[in-house]
Amino acid sequence: MKYALRGITAEELTYTMNHIKADKDTKFEIKPQFSRTIRRVKENDKIWLVALEVKVESTEESPKPFNMKVRLVGLFEAEDVNTNEDKQILAISTTEIVYPYLRAAVSALTSNAFIQPMMLPVIPAGMMFPEDQAGTTFDAPDALKN
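Remember, the working numbering sits 62 above the position in the sequence shown when you count from 1.
Please note: incorrect hints may appear among the correct ones.
Unchecked claim - Only pairs whose alpha carbons sit at most 30 angstroms apart, straight line, appear in this in silico DSBU-like list of lysine-lysine: (1) Lys126 to Lys64; (2) Lys117 to Lys89; (3) Lys89 to Lys64.
As the list claims (entries may be wrong) - DEER-style ranges, computed between Cβ atoms: (4) Ala170 to Asn144: 36 to 46 angstroms; (5) Pro186 to Asp142: 20 to 30 angstroms; (6) Gly69 to Lys89: 17 to 27 angstroms; (7) Gly69 to Ile185: 14 to 24 angstroms; (8) Met63 to Glu122: 26 to 36 angstroms; (9) Glu122 to Ala166: 30 to 40 angstroms; (10) Thr145 to Glu123: 37 to 47 angstroms; (11) Asp87 to Ile185: 26 to 36 angstroms.
What the hints contain is simulated information worked out from the structure, not anything from laboratory work.
No residue lacks a Cβ here, since even glycine has one placed at the ideal position from N, Cα and C.
Please build the complete structure, drawing on both the sequences and the hints.
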């Protein structure tokens, strides 16, 4: 199997300040929520789109000082993706390629909002999504099942 990144697009970059009344020493627990979508383009079966998204959303139960959503889409060209093992390797590898761009976009967006930049953690390949941790069974992630 061979694959190559052909481009990355910022599909959505949103930041909204929430005006929450809180004490000066209040600490907010900000837990980013990650999601991923992977699909093969029907018109060209060598082209794969990998969308990574991170959200921070305020709720009544868990208020946050801001809402944020960053969604990046990586365009990959891949050949010889035939088995579930190939699909799992493609999912992990392409996620590993796009994730640093997602981290940079989140840091830049929060920095440009004049707040302390939010730094997403460095996450080892294959550990970000539970479906990638299928072990040696090489069960393709749900996003890649046809």
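Status of the hints after comparison with the structure:
Our distance criterion of 30 angstroms between C-alpha atoms is broken by Lys126 and Lys64, whose separation comes to about 42 angstroms. For the proposed pair Lys117 and Lys89, the alpha carbon gap of about 19 angstroms is at most 30 angstroms, so the pair holds. Distance restraint check for Lys89 and Lys64: the Cα-Cα separation of roughly 46 angstroms exceeds the 30 angstroms cut-off, and the hinted pair is therefore not satisfied. Checking the proposed 36 to 46 angstroms range against Ala170 and Asn144 shows it holds: the Cβ atoms sit about 38 angstroms from each other.
Look at Pro186 against Asp142: about 25 angstroms separates their beta carbons, and that is inside 20 to 30 angstroms. The beta-carbon spacing between Gly69 and Lys89, approximately 39 angstroms, falls outside the hinted interval of 17 to 27 angstroms. Here the CB-CB span from Gly69 to Ile185 is close to 23 angstroms, well matched to the stated 14 to 24 angstroms. Distance hint check: the CB atoms of Met63 and Glu122 are about 47 angstroms apart, inconsistent with the given range 26 to 36 angstroms.
Remark: the range hint 30 to 40 angstroms for Glu122 to Ala166 is upheld by a beta-carbon distance near 32 angstroms. At roughly 43 angstroms, the beta-carbon separation of Thr145 and Glu123 lies within the given 37 to 47 angstroms, and the hint holds. Taking the beta carbon of each, Asp87 and Ile185 are about 30 angstroms apart, inside 26 to 36 angstroms as hinted.
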